[in-house]
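Engineer: Listed in order, the protein sequences are those of chains A and B. If you read the first sequence in my numbering, its first letter stands for residue 1, the second for the next number, and so on. If you read the second sequence in my numbering, its first letter stands for residue 1, the second for the next number, and so on.
Calculated from the structure, these hints are not laboratory results. Mixed in with the good hints, there may be bad ones.
[As the list claims (entries may be wrong)] Pairwise CB distance ranges (calculated):
1) A:V22 x B:E69: 27 to 33 Å
2) A:S41 x B:D123: 23 to 29 Å
3) B:K94 x A:P53: 39 to 45 Å
4) B:P8 x A:A68: 15 to 21 Å
5) B:P8 x A:G56: 15 to 21 Å
6) B:G87 x A:A68: 49 to 55 Å
7) A:D58 x B:A91: 48 to 54 Å
[Said to hold, decoys possible] To spell it out: a stretch of chain B is covered by chain A in this simulated footprint if at least three of its residues, at any positions, have a beta carbon under 8 Å from a beta carbon of chain A; those stretches are:
8) 11 to 17
9) 35 to 48
10) 63 to 73
11) 117 to 126
[As the list claims (entries may be wrong)] Only part of the chain A face toward chain B is listed, based on derived beta-carbon distances under 8 Å:
12) A12
13) V22
14) M29
15) A31
16) A38
17) L40
18) L42
19) Y43
20) Y47
21) R63
22) V66
23) A68
Just so you know, even glycine gets a beta-carbon here, dropped at the ideal spot from N, CA and C.
One letter stands for each residue in the lines below.
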Amino acid sequence: MGVKQPEAGSDAVAVAAGAEPVMDDAAFMDALDHGVPAPLSLYRRAYAAAGVPWPGDDEVRRRHRVTAADNGAEIPTSVRVLTWPTRE
Amino acid sequence: MTDPATTPPRPRVLDTAALLALARGETYAIVVTDVVLRSGGRLVVPACALSAAVAARPAAELRLLACTEQDQVDVDDLTGAAARRVGRLLARAKLPTELLPAAHVVHAAIERDRSPVFTGDPDALRRIDPDLALDEV
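Assemble the whole structure, with the sequences as input and the hints as a guide.
Structural biologist: Right, dumping it as structure tokens:
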């Protein structure tokens with residue numbers, strides 16, 4: 001009897017691969033060049049995840065395409081920092 | 001694209017699921033990678049993760065190419081020496097070879113002073129290195 005192997009852990013990849021694109025190719029290339037409209041709260045999460053100090057709301061609005069509405073409702077529920085170093 | 005007023009952050013490594021999320025145009029994946037690049041940071045795409053993404057979603061190949069051809073995006077090639085180290089990571093964790101792309105992601109992070117990983121599959125990475133810094137995209 002062999003040792004039971006752990007599952008491959010590829011379920012998340014399979015799910016990601018199966019989902020259809022959320023934008024067409026032209027919109028995708030534009031997004032790569034210029035970003036996508038997103039609420040300030042999502043940018044706040046992204047700055048933390050990227051290890052970049054928050055430069056202030058106005059500066060983020062200048063740098064990125066920030067949507068006006070920002071009540072947090074647009075943040076995907078899957079977005080969460082799992083673990084993070086205490087300092088960069 | 002880089003804002004000169006900011007200090008470049010440490011590199012961020014992308015795993016297969018994060019690459020697929022980016023290629024699909026998921027908002028958070030686009031936003032967080034955009035923040036890294038505009039801040040002068042670099043994104044690291046391990047070659048095995050890129051291979052797995054293309055294999056899982058062949059239609060996304062051109063988008064993945066566009067992602068990896070951006071300035072400040074580095075494809076981490078699997079050299080002979082790196083291949084042996086990646087294999088040792090899997091062997092040490094007693095994990096199957098299906099997790100080779102994940103092991104390459106972990107290796108790429110470790111080699112860069114344990115850079116954090118943007119991941120869509122944290123469980124796979126945790127099996128290889130429970131202490132890796134992860135952000136789920």
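Engineer: None of the hints should be skipped; say for each whether it holds.
Structural biologist: Okay, the hints, checked on the actual structure:
{"no.": "1", "hint": "A:V22 x B:E69: 27 to 33 Å", "result": "violated, 21 Å"}
{"no.": "2", "hint": "A:S41 x B:D123: 23 to 29 Å", "result": "holds, 27 Å"}
{"no.": "3", "hint": "B:K94 x A:P53: 39 to 45 Å", "result": "holds, 40 Å"}
{"no.": "4", "hint": "B:P8 x A:A68: 15 to 21 Å", "result": "violated, 30 Å"}
{"no.": "5", "hint": "B:P8 x A:G56: 15 to 21 Å", "result": "holds, 19 Å"}
{"no.": "6", "hint": "B:G87 x A:A68: 49 to 55 Å", "result": "holds, 51 Å"}
{"no.": "7", "hint": "A:D58 x B:A91: 48 to 54 Å", "result": "holds, 52 Å"}
{"no.": "8", "hint": "11 to 17", "result": "holds (count 3)"}
{"no.": "9", "hint": "35 to 48", "result": "holds (count 5)"}
{"no.": "10", "hint": "63 to 73", "result": "holds (count 4)"}
{"no.": "11", "hint": "117 to 126", "result": "holds (count 6)"}
{"no.": "12", "hint": "A12", "result": "holds, 4 Å"}
{"no.": "13", "hint": "V22", "result": "holds, 5 Å"}
{"no.": "14", "hint": "M29", "result": "holds, 7 Å"}
{"no.": "15", "hint": "A31", "result": "holds, 5 Å"}
{"no.": "16", "hint": "A38", "result": "holds, 5 Å"}
{"no.": "17", "hint": "L40", "result": "violated, 11 Å"}
{"no.": "18", "hint": "L42", "result": "holds, 6 Å"}
{"no.": "19", "hint": "Y43", "result": "holds, 6 Å"}
{"no.": "20", "hint": "Y47", "result": "holds, 6 Å"}
{"no.": "21", "hint": "R63", "result": "holds, 6 Å"}
{"no.": "22", "hint": "V66", "result": "violated, 10 Å"}
{"no.": "23", "hint": "A68", "result": "violated, 16 Å"}
Of the hints listed earlier, those the structure fails to meet are numbers 1, 4, 17, 22, 23, in rising order.
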